[in-house]
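Please model the entire structure based on the sequences and the hints provided.
Protein chains: 2
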Amino acid sequence: MKQVDILFTNALVLTIDDSFRQFDPGAVAVSGNSIVAVGPDAEIRAAFMGSQTVDCKGKILMPGLVNTHTHVPMTLMRGLADDLRLDVWLMGYMMPVEREFVSPEFVRLGTQLACAEMIRGGTTCFADMFYYEDSVAEGTAAAGMRAVCGSSILKFPTPDSRDYEEAFSLARKFIQKWKNHPLIVPSIAPHAPYTTTPEIIKACVAMAVEFDVPLQIHLSETSQEVEGIRAVHGMPVIPYMKKLNLFDSKVIAAHCVHIDEGEIRAMAHAGAGVAHNPSSNLKLASGGAPVSKMLDFHVNVGIGTDGPASNNDLDMFEEMRLTSLLGKLTTGDPTSLPARTVIMMATRGGARAIHMSDKIGSIEPGKRADLILVDIDLVHNAPRFRRDTNSPYSQLVYASKSSDVTDVMVEGAFLMRDRKLKTLNEADLLEKCQSFAVRIDAFLAKREQSILSKLVAIGGAMEEESYEIQVKVRINDSASILKGLAMPAVTIDRTRHYREFDTYFLFEDPSQGRIRYREDEFIDETGNVTQARARLTLIGEVREEHVSHEILLSRSRYFAPAVNSLRFYREYFKPVGEVEIEKDRLRYLIRYKETEFFVHIDRIIKPDIGTFLEIKSRTWNRSDSITKTNLMTELLELFGSASNEPVTKDYIDLIRAS
Amino acid sequence: MKQVDILFTNALVLTIDDSFRQFDPGAVAVSGNSIVAVGPDAEIRAAFMGSQTVDCKGKILMPGLVNTHTHVPMTLMRGLADDLRLDVWLMGYMMPVEREFVSPEFVRLGTQLACAEMIRGGTTCFADMFYYEDSVAEGTAAAGMRAVCGSSILKFPTPDSRDYEEAFSLARKFIQKWKNHPLIVPSIAPHAPYTTTPEIIKACVAMAVEFDVPLQIHLSETSQEVEGIRAVHGMPVIPYMKKLNLFDSKVIAAHCVHIDEGEIRAMAHAGAGVAHNPSSNLKLASGGAPVSKMLDFHVNVGIGTDGPASNNDLDMFEEMRLTSLLGKLTTGDPTSLPARTVIMMATRGGARAIHMSDKIGSIEPGKRADLILVDIDLVHNAPRFRRDTNSPYSQLVYASKSSDVTDVMVEGAFLMRDRKLKTLNEADLLEKCQSFAVRIDAFLAKREQSILSKLVAIGGAMEEESYEIQVKVRINDSASILKGLAMPAVTIDRTRHYREFDTYFLFEDPSQGRIRYREDEFIDETGNVTQARARLTLIGEVREEHVSHEILLSRSRYFAPAVNSLRFYREYFKPVGEVEIEKDRLRYLIRYKETEFFVHIDRIIKPDIGTFLEIKSRTWNRSDSITKTNLMTELLELFGSASNEPVTKDYIDLIRAS
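Read top to bottom, the protein sequences are chains A and B. If you're matching positions, the first sequence starts at 29 in the working numbering and goes up one per residue. If you're matching positions, the second sequence starts at 29 in the working numbering and goes up one per residue.
No lab work stands behind these hints: they were computed from the structure. Remember, predicted model here, so these are calculated numbers, not experimental data. Quick reminder that beta carbons are idealized off the backbone N, C-alpha and C, glycines included. Careful, some of the hints might be misleading.
Said to hold, decoys possible - Just so you have them, the derived chain B footprint on chain A, three or more residues with Cβ under 8 Å:
(1) 60-66
(2) 291-298
(3) 310-318
(4) 326-333
(5) 410-423
(6) 453-466
(7) 622-634
So this is what it looks like as structure tokens:
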């Protein structure tokens, strides 16, 4: 008899190995962090003596579930805002709260709350993408769970990085720190094609290849995304990514809802993993992914919960059931995605999708001891039919609940025994996360509740976060500017002439921003008004920063069509003050040295405070903003305005100051 | 201070009344079977003294959930067969098992197992349709639950009725017995348009109106059903039902997946209730019902689990979540079916749908005390945001699980306290239901596993249960028959001439039936073969019964196209014996006195055992079969064959006997 640490006996063992062997009753021997043996109960008992023996009567013993896509710190935002359109949800709620609250402390706490929930529900490993990913890794390792942790890269500033250069430097340090940890696999996570640039994708692939770590990304989640990429790059998302060599790395692609057969073949050929997130795809009305087809083409598809802010939980049993049900609806075929296939996706298939099937995903000697016990001797799962070897899979997918999981082991260590957590203190977590919720509620109530939610309530608002670099000078006339615009170094892509009538609503709390009601009249070359429109904009407070003598501005703007009268909006928003501005604007979209700029020649008519030249450009990061600053200085020279009086205020603030 | 029986204090009370009032902290006073008062905690505590006080800290107190459509005895068939097409599932597994096992004992046990599960998950009332509904009512009342119990009527024989006349008589007695019970509302349940006749529907409506009880029916579940009704009756399902005056009764219509705006208006106008069953509609790939649209038109839509053989559980929390998620996918709009609407559907809306909103569905003084407590102070439901009054609904729909229900009260009595059932013994139920499962497994393993499942495995099988009345006589020639067919009393609707080559595979166990491999050659008037086809049929054992000297036959047939060779099938099915029969068949579809009959003139060529006249007709019930028997006797006279030698055996049995 060989001595082992732990002997699981008397279980219905589902190995989820290549031949889906079952042992009933079966037993599993574990020593250290690994599985030593699996087989019929009598055989294993005869061969091994366990320091500890776990009687699994009435329970299924199976590999731990693998959640292939989530954002665990967002657990602290669970239920913050539901039943909203993606843009309102993301930009009206998630992003403002993330900007204000996301910190290493927030991330570690959210991670541990998520770990408590996942352990309770039988998940032993997950793939995460967020900010301050070092804190995700720390919180996870402390809880004893296994995870692929992805440090996020976006073209925008994020809670942990002022720009993407800083994000890359964070990611490099993060990967170096965690590279050889027994539980944590570090990875790099360019957010999505539409929130990155080709350069970012290429640099991420280079880093993933350099360190041989997985690369996580959201791909083809919505049809809008696919249309957007097609419009700009002339091809769907997967070919676009392929062109940027994305698939040179070990890709974990979340969603893949809107991909065609050619794209599926390309993913299969590349050995890319896909994380299917049925709850999230349904809740945000993104659609049903072609899972059956992906499996037909041997793509490694796993199952994910996505972040609990959009789900709203981390329950892999729900996702398994939904994977099967949504698969049947999508194909119109009740035989698609049968229970055994779904269990495979949630274990071995998930392990393959996150490039870890050498270590986890099945009960086989030599693999890590990531195991769970599921009680099936309960009224909601009775009776039990034994005629068909598919029955245990069917019981798990169609009738088991996450709350039926009784015991969870990761890397040979129990994280839950008889429904009691061993590594986390739930009462403590609940208390700490509630204190965050109270602060978030107060923040949103103050900042958003009144003005923004009122704007949303009357017909929704499209949000746009702008990061601009801008220079503004006072001018006497526009002659020298028009001369500059005519020079060969400048290409004019578009010219517009407007008369703009703005009414600003001011509120007691300046952090609420201002509402601008704007009527635009478009004026043609002969001076006639050809078109008019009205819209409402909530302009957030400017967060400004001086870069040499130009200004880097970032602020949020929420747009809504103005279908009602000014009087209506005045009564509706009840401003404490109003400012009216009327101006004539000549607006040029130009290219100078391969870079786009907007040039405005603004004559403020009411009140008459003079004429101004504004040069603006969007920017994504620090080095880009320095380059553009230099170009804008050259443009000022070209326009003969370099020595004019610089103006740093918005027109409305100029007027209010005077 | 007024004395009451029970005071629930310190709860987050969701009343789900017309204005969706919430009290946090709130309290509810209960006396006898009714709610006495609801309001702010301090106010209720100041006014009432409870014999028993229940502290609800950290919990939601809300109306019990109403499951508007299920078949509770089928809980004993949970997980019996999954991931199958509807016909294979229904006719290959459900119907044979029902025929063999459904008895009052089976029904009562299945009902109580279902009640245990439903109580654990916060369901306090359900609407059921099954056989031996008296046992459903008994089991439910003994468990202390509330239910609308529907006695099923079908045009076929059922486990509790040899024909629909017997079913009506059962239903009448059932309704009379339970009419004034405090927990049970009896009702009548014509199964569906395609499994009844216009006469059955009309008679059901008459009985429902006579006793003022609800009428339950499955309507527009699949697109095939709608196409079938349209093909026969020239209109969709709802207009067809309206024409039969269905909506004169208090209708509870299950499914309504495939209905258009006109049909929705008609349902709304009629005040009909709809039971939406998202799990079932997904699992059987039936489609997504237009729930948002029905609600827009003020149809009373509730939520149901459907039977646990096709779900596979009775979990209203899963159905609520899925109602919202499927609603968003179906409309492509993430704001549809928001959480509050879904909670309304599962409580007050469900009560309206089953015509019981005067008694249950909300927490209001005077209503029955059907209440549940849901723990929301758990890691998978944290943190809790309080800024938005929608948050508790969102927590319940998107993050709560049925296992979070801690206490359940129906009619003022606790059925569960602190997760312990008060009226049912779970261990006892589990043991008893497992003994049924063992017997069902053995039955299916013996009867179906080998031959039927092998047939299904090679390309599926369409099943047809036939109930025929038949007469067969030996004849010398066909002259007198052809003369009879030419008489004005007989109308020939169709004539076919075949040469049929049959090979029967015989198996050791005759209860497995026989496989017939048949090649049909169609022969035109000039004697040329115009077309040929091959198909495979598994013919079940004949259950025969003598009605005067004719025979009433019922047996199951499973058809599959025969795409492989006879040799292939021989090797595949491994029969213990084979019989070959070759015959020439003249087949007439005739009408005689408004009734359809098939007339066969069969000359058995190989082996040469003579020529036979067969007259056959489908039948649905006893009185119909007697009428048809008389007509067939008249036809025999007309064909000059009344005194010929009667034959009661199938050709194959004639041959094997000789």
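Do the hints match the structure? See the list:
no., hint, in the structure
1, 60-66, "violated (count 0)"
2, 291-298, "violated (count 0)"
3, 310-318, "holds (count 6)"
4, 326-333, "violated (count 0)"
5, 410-423, "holds (count 11)"
6, 453-466, "holds (count 7)"
7, 622-634, "violated (count 0)"
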